[in-house]
Amino acid sequence: MTDVPAPASPPFRPSMLIYDRRYRSLTFQVIVFILVMAAAWWLVDNTIRNLALMGKNFNFGFLFQRAGYDIPQTPIPYTSDDTHLRATVVGLLNTLIVSILGCISATILGVIVGVARLSKNWLFARLMTVFVEIFRNMPLLLWILIVYAIFTEILPTPAAYRGENPEWSMIFFDHVALTNRYTALPTLAMTNDPGSLDLGARVTFNWATIAFATVLIGGLLARRAIKAWAQRVQDRTGDRPTTWWINLAIMTIPSLLLIWHFGLHLERPALTGFNFTGGLNVSNALVALWLALTLYTAAFIAEIVRAGILAVSRGQTEAAFALGLRPNRTMNLVILPQALRVIVPPLISQYLNLMKNSSLAIAVGYMDLRGTLGGTTLNQTGRELEAIVLMMLIYLILSLIISAGMNVFNASVKLKER
Amino acid sequence: MSDTHAQTVSFVRDTMLPAATPPVREAGAIKWLRENLFSGPVNTILTLLGFAIVWFLIATFWDWFAHSVWNAGSLAECRQIIAATWGESARGACWAVIRDRWNQYVFGFYPMDLYWRPTMTFGLLMVALAPVLFSASRTIRRTVLAITAVLTLWAMVVLGAPAGWLAFAAAVLIGGFLISERHVLWLLPFSIVYPLLGVWFLWGGSLWGPIFVLVGPLLGWIAWTLVSRIAPMLGVVAAILVTVLFWLLYAGDAAADAERLLSLSIQTVRSDRFGGFLLSVTIGVAGIALSLPLGIILALARQSDMFLVKTLSVIFIEFIRGVPLITLLFVASLLLNYFLPPGTSFDIILRVIIMVTIFAAAYMAEVIRGGLAALPKGQYEAADALGLDYWKAQRLIILPQALKISIPGIVSTFIGMFKDTTLVTFVGLYDPLKSMSDAVRASTDWKGIYWEPYIFVGAIFFLICFGMSRYSMYLERRLQRDHR
Amino acid sequence: MTKTVFLGTVAAVALTTGAALAQEGSTLQQVQQRDELNCGVNTGLVGFAAPDASGNWTGFDIALCRAVAAAVLGDPNKVRFVPTTGQTRFTALSSGEVDVLARNSTWTFSRDTDLALDFVGVNYYDGQGFMVNRELGVTSAKELDGATVCIQTGTTTELNLADYFRANNLSYTPVNIDSNAEGEQQYMAGACDAYTTDVSGLAATRAAFADPENHIILPEIISKEPLGPAVRHGDNNWGDIVRWTLNALVAAEEYGVTSRNLEELVRSSTNPEVQRLLGTTDDLGAMLGLDAEWARRAILAGGNYGEIFAANIGEQTPIGLARGLNAQWTQGGLLYAPPFR
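For the protein sequence lines, the chains are A, B and C, in the order given.
For the first sequence, the UniProt record's numbering assigns the number 1 to the initial residue and increments by one for each residue that follows.
For the second sequence, the UniProt record's numbering assigns the number 1 to the initial residue and increments by one for each residue that follows.
For the third sequence, the UniProt record's numbering assigns the number 1 to the initial residue and increments by one for each residue that follows.
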């Protein structure tokens with residue numbers, strides 16, 4: 001008689017799908033799922049019908065056809081006889097080149113400007129503010145066009161370097177020539193060339209490059225080992241052995257030996273015919289795009305850096321001063337490590353923005369991914385659906401890689417909370 | 001002891017010494033200079049460097065600006081005037097191109113006799129924005145509305161607006177001013193109607209279109225009130241269904257029929273007549289207005305407990321943020337006709353607005369998510385404790401605070417989007433920066449002019465973007481409720 | 001049948017802009033129903049298609065669009081010009097955004113077949129050439145080894161250039177540019193030794209220079225560039241209309257029919273070919289699905305081929321092009337309209 005029956009769960013009624021909070025979210029999700037699927041089906045169905053109507057198909061075979069056009073800047077060997085796929089890869093590499101260069105220089109400039117804006121120097125701080133506001137509030141496209149126009153209009157043609165008494169002369173001990181087409185830089189040449197490692201697909205690496213890379217990495221590892229050794233000695237005896245000269249020797253001597261072995265020297269560009277040859281001609285399109293991206297992004301990074309530094313409470317600085325740290329050691333040891341945690345996440349999105357903004361390259365005729373795959377290839381083959389889908393996919397993958405890499409870094413500088 | 005002391009004193013001064021002037025180095029301009037410019041060797045070098053930069057800029061560009069020419073019919077004439085006035089080798093800016101092509105830069109190819117329409121639309125925009133943006137300060141609101149009213153009416157008179165429209169604009173502008181003096185939120189209905197009205201003013205055509213678009217939600221509301229007596233949840237579904245079905249099935253025909261019965265048309269201006277800053281501002285304002293609500297929805301979806309909703313919104317946001325805007329614009333111009341039913345084609349400006357909106361909304365969602373995350377958990381718990389349901393909690397407690405925190409981010413997204421409107425040049429629209437300048441340069445009169453158009457367009461963009469960012473900073477301070 | 005498609009909230013804007021129009025039926029029916037011709041043109045190439053300060057389009061390609069509009073709709077002003085870039089032009093046509101593409105596009109095999117376009121004729125016979133500064137002392141394209149060459153991206157010129165230099169075993173550095181205006185800027189500043197595009201474009205560009213005598217167009221023509229209007233593949237009737245409108249303009253010049261003497265010839269001409277062309281005998285228009293006077297209107301819109309040429313790009317204009325290959329076959333040119341019969 002005392003048995004209390006367990007409360008029977010109320011029988012399920014269809015109305016509970018809407019009114020019972022346990023089921024409501026499920027119902028809602030099912031509806032959303034159906035709607036999304038329907039929309040996706042609608043789009044795919046339309047695409048199939050449209051393709052059929054236009055007599056086209058969805059086929060990436062065009063990537064293996066002859067491209068037939070030339071690209072001014074080719075990081076890997078490329079001629080007009082190569083395939084569209086190779087042209088795409090060249091474009092992708094060009095995108096990466098300008099993005100990486102831009103990220104590095106924008107970070108350096110951005111940090112300098114950001115710190116300078118906090119300077120006690122009234123004039124300099126104001127100048128930096130003007131810089132930031134001007135570059136942040138005007139379209140990037142404008143800066144790209146203006147920088148390119150400056151190069152074109154102000155620098156001389158290569159012909160200005162010609163003759164006995166030229167109007168312009170080369171700078172850096174006659175090694176670099178600035179022209180309105182490109183900057184002619186000297187290249188590295190070897191008297192004792194060890195040959196190249198063939199990676200297939202006509203991509204080669206010179207053995208000398210590999211040797212230098214090995215020596216550099218070896219040197220860095222050795223430095224680490226020496227640092228650990230010095231730390232151990234310090235822990236044991238209290239005296240830290242002087243290591244800077246060992247480090248210096250490790251970093252320089254093997255490289256110098258290699259330079260001597262390969263007979264490495266600079267080969268300066270010379271004006272022959274219409275243009276400078278024998279050196280490396282860095283096109284103004286690249287330089288202008290790089291500079292514009294740098295200046296534009298640096299203005300944003302400066303604000304991020306400034307906000308990051310301001311976010312570190314004043315007490316930290318005062319505490320560091322109380323400990324007797326000098327201002328620059330305070331900055332390096334106390335402020336920056338803390339500010340970095342605030343700075344890094346928005347910095348990642350600035351890097352992403354820079355990479356994406358590099359797609360404006362076409363405005364100055366720099367053949368990046370958008371210029372090759374999304375430009376000439378698309379135009380010549382008429383495969384807009386495939387080309388654009390592929391281009392978006394590549395950009396998406398690049399973005400995901402950058403944010404993944406940066407998230408790893410972010411995790412490493414995160415405050416280790418106990 | 002004190003006595004002896006008193007006796008030893010032979011002289012007591014009975015007046016105060018006048019305060020000595022501080023040493024020259026510690027006062028006035030010199031002190032300021034010392035502290036702010038020359039407080040150490042590094043600072044001194046920086047100061048000199050700063051002066052060098054300023055001097056370099058002035059020395060390089062001063063003569064060019066000083067020799068500006070404002071009245072000329074062509075670049076050649078400009079150069080002649082400069083040569084005649086300042087000598088053969090002098091160089092100078094030729095702003096005459098801006099003067100000559102001013103209309104084109106501002107209105108694109110909009111019919112000249114209808115210039116008053118975009119002007120009026122822009123003026124009324126300020127009235128529509130008053131309850132949203134200028135509600136914080138009465139002084140600012142007064143100034144903005146008064147200046148807008150005067151300028152708009154003046155410009156409309158100059159541009160030859162018909163008397164009827166002039167009266168209409170005057171009524172709205174002055175009425176808006178008076179209403180906002182009493183209670184600014186009473187202008188909200190106008191803000192809601194404004195988007196449709198603005199579209200009608202800009203593109204023209206029949207007024208019945210916007211009217212029937214408005215009828216849709218109205219019918220939806222009626223359906224909601226009727227059905228929700230029986231089942232509240234079904235009411236929402238019914239409202240949405242009725243609205244969408246009305247739009248899809250009846251609105252177009254109904255508008256056409258109504259137009260036949262009673263014509264309420266103004267001259268149609270098609271999208272290909274849009275260009276210059278009119279195009280930028282149209283795309284920018286539409287994108288801003290649409291991307292904020294979409295961004296809020298996406299941010300809430302991303303914070304949602306529902307797995308599917310959350311996943312979908314994450315995929316959407318990350319996809320949009322992972323590709324350049326220019327590829328999205330390409331999708332709009334090249335691929336959209338693949339995704340729509342065969343034979344359908346959309347107005348290109350509309351396509352661009354949709355893509356720009358989606359792009360900005362993904363960024364907006366991340367900004368607002370930051371704001372949501374920054375709210376103390378106590379706020380959510382307090383809302384729950386009060387027994388508020390999800391939407392009430394969001395509407396009354398969470399969002400107002402989260403949006404307030406996110407204002408700087410929201411505004412910088414807006415600024416970014418407005419700057420990005422220049423990219424429409426790559427899909428064949430006449431943006432002021434590249435396409436319009438190229439068009440100007442293509443004419444024989446102005447061939448070879450580079451700097452002036454760029455500087456002019458840049459300056460306008462700077463004014464608008466800088467203005468927005470400053471106003472947002474003001475708003476942020478103004479809305480700051482916590483005591484720090 | 002026209003039905004209006006609404007897409008969610010987009011409807012609000014779409015409705016008033018008359019944006020979303022689903023089109024069915026043949027192109028001719030669509031154009032007639034719309035009472036307007038959508039014509040894809042260049043975003044700005046003086047002489048061929050360019051908007052003036054108030055947005056009125058003029059040019060050689062524009063005149064063809066107007067002639068088609070006059071023939072089909074009876075009014076040369078019922079044209080909507082859709083500016084297209086090198087990238088968007090063919091998509092605009094295949095998606096139905098434009099009915100005819102008159103954007104100095106080269107008729108090539110792959111475009112005609114793979115891109116599913118139909119080129120209906122040639123309104124300008126062009127060829128790719130080079131322009132260099134006289135100071136360079138170059139007299140032949142073969143001497144351009146190692147030169148920097150400015151070239152517009154997204155055109156057939158890019159492929160021709162690569163082929164030409166490759167075939168002659170010459171090296172060069174391309175400078176890709178985005179628009180003709182920018183190409184001129186680069187060339188004038190000396191950022192490239194040579195500027196390459198169609199010879200007509202070179203001539204037009206040179207004509208606008210302050211010192212045209214200092215620039216020479218090299219004698220080599222490295223490609224054939226038959227520029228012509230294109231329509232969608234599959235709608236042959238519409239293709240016929242555009243083709244024969246073009247032919248009517250050419251034939252009119254051949255038979256001496258101008259916009260000025262047309263009315264008189266309608267009354268007095270005894271030439272049977274002219275009579276058929278002008279629709280006074282044999283209703284040729286009906287075979288196209290048009291009325292008898294279609295060709296009269298097309299010619300009246302901007303004149304015959306010769307008049308259009310002279311008014312837009314001829315020697316009296318700043319562009320200053322000679323007829324050359326584009327003269328009538330009777331004058332040693334290539335223009336040869338099939339008989340109107």
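Accuracy of the hints is not assured; some may be wrong.
[Said to hold, decoys possible] Computed footprint of chain A on chain C; a stretch qualifies when at least three of its residues, placed anywhere within it, have a C-beta under 8 Å from a C-beta of chain A:
| id | stretch |
| --- | --- |
| 1 | 44–56 |
| 2 | 142–155 |
| 3 | 187–196 |
[Unchecked claim] Computed list of chain A residues with no C-beta within reach of chain B, every gap over 10 Å:
| id | residue |
| --- | --- |
| 4 | Ser25 |
| 5 | Val36 |
| 6 | Gly61 |
| 7 | Val89 |
| 8 | Ser119 |
| 9 | Lys120 |
| 10 | Asn206 |
| 11 | Thr209 |
| 12 | Ala225 |
| 13 | Lys227 |
| 14 | Gln231 |
| 15 | Asp235 |
| 16 | Pro241 |
| 17 | Ala319 |
| 18 | Ile388 |
| 19 | Asn407 |
What the hints contain is simulated information worked out from the structure, not anything from laboratory work.
The beta-carbon is built from N, C-alpha and C at its ideal position, and this holds for glycine as well.
Taking the hints in turn, this is what the structure says about them:
1. 44–56: violated (count 0)
2. 142–155: The restraint on the stretch 142–155 of chain C holds, since 8 of its residues have a Cβ under 8 Å from chain A and three suffice.
3. 187–196: This one holds; 5 residues, not fewer than the three required, reach chain A with a Cβ under 8 Å.
4. Ser25: Check fails; 5 Å does not lie beyond 10 Å.
5. Val36: 6 Å, violated
6. Gly61: Since the minimum Cβ distance to chain B is about 18 Å, Gly61/A lies beyond 10 Å and the statement holds.
7. Val89: At roughly 18 Å from the nearest Cβ of chain B, Val89/A sits farther out than 10 Å, so the non-interface label holds.
8. Ser119: 7 Å, violated
9. Lys120: 7 Å, violated
10. Asn206: About 34 Å separates Asn206/A from the closest Cβ of chain B, which puts it past 10 Å; holds.
11. Thr209: Nearest chain B Cβ is 32 Å from Thr209/A, so the label holds.
12. Ala225: The claim holds: Ala225/A sits with its nearest Cβ about 37 Å from chain B, beyond 10 Å.
13. Lys227: 31 Å, holds
14. Gln231: Non-interface label on Gln231/A holds, nearest chain B Cβ at 33 Å vs cutoff 10 Å.
15. Asp235: Holds: least Cβ distance 37 Å, greater than 10 Å.
16. Pro241: 33 Å, holds
17. Ala319: 21 Å, holds
18. Ile388: Answer for Ile388/A: violated, closest chain B Cβ roughly 5 Å.
19. Asn407: 13 Å, holds
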